[in-house]
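J.: So the chains spell out like this:
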Amino acid sequence: MSETSMNVRVTVGLSSCGIAAGAAHVYDAFESEFEDKGLGVLLKRTGCIGMCYREPLVDVDTPDGRVTYGGVTPEGVSKIIEEHIVGGKPVEELMVRADGRELPDDSYYAQQVRLVLRNAGIIDPESIDDYIAAGGYEALAKALSEMTPQEVIAEVKASGLRGRGGAGFPAAMKWELCAKQEATPKYMIVNADEGDPGAFMDRSILEGDPHSVLEGLTIAAYAIGASEGYVYARAEYPLAVKRLKMAIADSLERGYLGENILGSHFSFTIKVKEGAGAFVCGEETALIASIEGQRGMPRIRPPFPAAEGLWGKPTNNNNVETYANVPWIIANGADAYASYGTDTSKGTKVFALAGKIARGGLVEVPMGIPLRDIIFEIGGGIPDGREFKAVQLGGPSGGCVPMEHIDINVDYESVTKTGAIMGSGGMVVMDDRTCMVDIARFFLQFTQDESCGKCTFCRIGTKRMLEILDRITSGEGREGDIERLEELGRQIVSSSLCGLGQSAPNPVLTTIKYFRHEYEAHVNEKRCPAGACKALITYEIDPEKCVGCTLCARVCPVDAISGERKQPHVIDTELCTKCDACRNACKFEAVVVK
Amino acid sequence: MANTVETGASTSEVHAVVDRVAAGFTDARGALIPMLQRVQAELGYLPPAAMERIAVRAGVSPAKVFGVASFYSQFRLKPVGRHIIRVCMGTACHVQGSGSIKEAICDELNVEEGGTTEDGKFTVEPVACLGCCSLAPVIMIDEDAFGRLTPDEARKVVRNYGADA
Chain A
1 MSETSMNVRV
11 TVGLSSCGIA
21 AGAAHVYDAF
31 ESEFEDKGLG
41 VLLKRTGCIG
51 MCYREPLVDV
61 DTPDGRVTYG
71 GVTPEGVSKI
81 IEEHIVGGKP
91 VEELMVRADG
101 RELPDDSYYA
111 QQVRLVLRNA
121 GIIDPESIDD
131 YIAAGGYEAL
141 AKALSEMTPQ
151 EVIAEVKASG
161 LRGRGGAGFP
171 AAMKWELCAK
181 QEATPKYMIV
191 NADEGDPGAF
201 MDRSILEGDP
211 HSVLEGLTIA
221 AYAIGASEGY
231 VYARAEYPLA
241 VKRLKMAIAD
251 SLERGYLGEN
261 ILGSHFSFTI
271 KVKEGAGAFV
281 CGEETALIAS
291 IEGQRGMPRI
301 RPPFPAAEGL
311 WGKPTNNNNV
321 ETYANVPWII
331 ANGADAYASY
341 GTDTSKGTKV
351 FALAGKIARG
361 GLVEVPMGIP
371 LRDIIFEIGG
381 GIPDGREFKA
391 VQLGGPSGGC
401 VPMEHIDINV
411 DYESVTKTGA
421 IMGSGGMVVM
431 DDRTCMVDIA
441 RFFLQFTQDE
451 SCGKCTFCRI
461 GTKRMLEILD
471 RITSGEGREG
481 DIERLEELGR
491 QIVSSSLCGL
501 GQSAPNPVLT
511 TIKYFRHEYE
521 AHVNEKRCPA
531 GACKALITYE
541 IDPEKCVGCT
551 LCARVCPVDA
561 ISGERKQPHV
571 IDTELCTKCD
581 ACRNACKFEA
591 VVVK
Chain B
595 MANTVETGAS
605 TSEVHAVVDR
615 VAAGFTDARG
625 ALIPMLQRVQ
635 AELGYLPPAA
645 MERIAVRAGV
655 SPAKVFGVAS
665 FYSQFRLKPV
675 GRHIIRVCMG
685 TACHVQGSGS
695 IKEAICDELN
705 VEEGGTTEDG
715 KFTVEPVACL
725 GCCSLAPVIM
735 IDEDAFGRLT
745 PDEARKVVRN
755 YGADA
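Sequence order for the protein chains is A and B. Residue 100 in this note's numbering sits at position 100 of the first sequence; the count goes up by one each step and never skips. Every number in this note's numbering is 594 more than the matching position in the second sequence, counting from 1.
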């Protein structure tokens with residue numbers, strides 16, 4: 001602890017989701033009460049603490065230990081100050097984690113190994129001093145003063161680090177290809193475009209520990225012989241962009257960037273480029289085109305960017321998480337990193353766990369952990385007493401993994417065998433009320449919208465697939481539709497230039513593979529087994545269960561429900577828009593979907 | 595940040611904004627997209643006069659500028675309301691019912707998705723993913739995020755937002 005009269009530190013999680021949950025108000029409440037009461041407490045902000053399902057999160061560090069509070073409101077703030085900070089007794093009902101105590105939420109962290117997220121939730125991401133105090137930039141100093149560029153590449157190669165953007169290509173191999181090139185200048189790119197819907201790993205790393213990415217990037221630049229770097233961040237992440245720019249400016253000021261870094265002969269500068277809203281720009285050649293000011297359309301490889309990339313020069317592009325691993329590897333050694341994971345998938349992976357899961361948030365686990373453990377141990381299983389149906393891995397390029405594969409180990413090869421891909425880390429869980437045909441349609445609508453249009457099969461093929469899925473989900477499926485989807489899917493995969501087209505049919509093909517019976521019900525019986533596709537369902541009130549409390553009638557936005565108080569109510573199906581408000585409101589489970 | 599509806603900006607006013615933005619760029623290489631972004635930040639959208647002037651300042655053809663502006667979803671070629679409501683249509687939000695949220699908001703404001711309310715107060719924009727998946731379903735109004743919504747709550751948030759604006 002530091003310069004405070006009370007030897008107490010309060011840290012509030014202020015990443016985007018914390019702020020969305022109201023953490024800024026919590027921070028303000030602490031600030032004003034500390035001032036009003038004249039309490040000498042160190043109040044800090046931090047990035048994503050990880051337990052997103054418990055936002056807003058507050059850590060209170062006293063000489064007695066550290067307590068994490070969840071679901072904190074401004075009212076809770078007063079309680080914490082009065083009872084814990086002043087009174088010395090932690091507030092039991094808000095506690096989610098505490099030193100020396102065993103609490104139900106402990107199983108969220110028990111199997112996690114936080115290497116990439118080592119500083120997230122602990123340091124102030126806007127303070128370079130915090131980063132340095134936590135060991136920051138020691139790896140860079142070591143690399144520049146004790147290692148040659150070839151030795152850096154050898155160390156990363158020995159660690160087994162594979163690209164974390166989704167493809168899993170060995171990082172050191174990519175660096176080597178670029179390092180060998182003679183043309184200059186060489187460029188570095190950080191792919192911070194994180195376009196997969198449902199993925200927020202990179203956002204959390206950038207908002208919570210931006211220096212870790214910059215340091216990793218600089219070490220890689222040294223290894224490759226690059227002089228300029230670009231962080232390509234999507235415009236939808238304004239806080240990440242802001243913290244990156246601050247970190248770059250601070251780093252420059254302290255000599256960790258710029259000319260002759262730390263007294264060496266190595267010079268390197270970094271600029272931030274904001275994306276403009278195009279999922280395809282996560283593809284590296286499209287990303288490069290975007291930096292050049294062009295339409296983000298991929299081009300054929302070879303030549304690979306390592307040989308001819310940005311402005312035609314040798315360019316190395318890696319994902320945010322890949323770079324964030326590098327300082328840890330250099331500081332702790334390849335062997336330490338390789339002690340985690342499996343033979344072919346070393347290290348850890350950050351996953352964004354979301355959807356129908358009790359404990360959604362940011363988790364970092366060793367490669368090879370059973371998928372079951374992530375979902376049921378860490379994630380706490382499916383809420384509201386519902387059943388697990390599938391988990392989407394790899395976003396719109398990936399696939400759904402059903403219950404029959406729940407015991408796979410999460411590593412690149414095992415996941416690929418199921419038909420899905422590891423992807424960037426988005427893990428969206430679905431329960432028995434999720435319609436898999438609807439999910440397939442959802443993903444295809446996304447990729448169809450984002451297709452750059454260059455390749456005929458991707459441009460027109462995805463549109464045709466979407467039309468078929470639209471018909472199926474609105475009750476107009478025709479015989480042969482499923483086979484048409486399969487054929488189109490195969491053709492699009494084989495005839496597309498870039499990863500977007502090559503993987504766009506994946507969600508459709510994997511859901512057909514594992515949930516063909518759902519497609520058949522939609523097409524042949526015009527029925528949605530999950531009860532989700534609006535065109536195929538009707539809402540009804542069970543007169544046996546309805547007590548006539550009138551709550552449903554009151555929340556109905558189109559006044560489709562009628563009934564006397566204490567008498568069973570009725571839904572007018574002509575007016576009903578199937579918004580689900582009545583079913584959500586009913587406390588007697590009287591609203592049924594058929 | 596609130597966007598003002600600049601339908602009234604004259605051509606010379608638009609040109610002045612572009613010229614001022616362009617003066618801030620020393621390197622023409624790769625400047626086109628940031629230039630478009632900064633001009634849009636000032637004007638709220640990209641009127642034809644702005645794109646033509648950017649073409650002159652960036653040294654490229656107007657067709658090229660239009661080609662880039664029409665490719666990226668961030669660029670708006672029509673004026674927008676004072677406040678932008680972004681409805682997240684990402685996977686986690688979809689699974690948690692974002693479709694109903696979007697319908698509720700459009701119904702409450704009497705607009706189509708992508709449209710602007712008659713009084714110019716709101717534009718409703720579905721977006722791919724805001725990255726706040728643990729709080730699904732999520733919307734953002736300007737820089738403020740609202741999570742864990744039900745259709746009813748979404749209506750309330752929208753009704754009460756900027757009650758004085």
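It cannot be assumed that every hint is accurate.
If you want the footprint, here are the derived chain B segments under chain A, 3+ residues with CB under 8 Å [stated by the list, open to error]:
1. 622–631
2. 667–681
3. 689–695
4. 704–711
5. 743–751
In silico PhoX-like cross-links for lysine-lysine, where the CA-CA straight-line distance does not exceed 25 Å [unchecked claim]:
6. A:K454 <-> B:K658
7. A:K44 <-> A:K245
8. A:K545 <-> A:K587
9. A:K37 <-> A:K89
10. A:K313 <-> B:K750
11. A:K587 <-> B:K750
12. B:K658 <-> A:K273
Since the hints were derived computationally from the structure, they do not count as laboratory data. Fair warning: this is a prediction, and the values are worked out from it, not measured in the lab. Ideal placement from N, C-alpha and C gives every residue a C-beta, glycine not left out.
J.: Does each hint hold? Answer for all of them.
T.: Here is how each hint holds up against the structure:
no.: 1; hint: 622–631; verdict: holds (count 8)
no.: 2; hint: 667–681; verdict: holds (count 3)
no.: 3; hint: 689–695; verdict: holds (count 4)
no.: 4; hint: 704–711; verdict: violated (count 0)
no.: 5; hint: 743–751; verdict: holds (count 4)
no.: 6; hint: A:K454 <-> B:K658; verdict: 16 Å, holds
no.: 7; hint: A:K44 <-> A:K245; verdict: 20 Å, holds
no.: 8; hint: A:K545 <-> A:K587; verdict: 10 Å, holds
no.: 9; hint: A:K37 <-> A:K89; verdict: 18 Å, holds
no.: 10; hint: A:K313 <-> B:K750; verdict: 53 Å, violated
no.: 11; hint: A:K587 <-> B:K750; verdict: 22 Å, holds
no.: 12; hint: B:K658 <-> A:K273; verdict: 20 Å, holds
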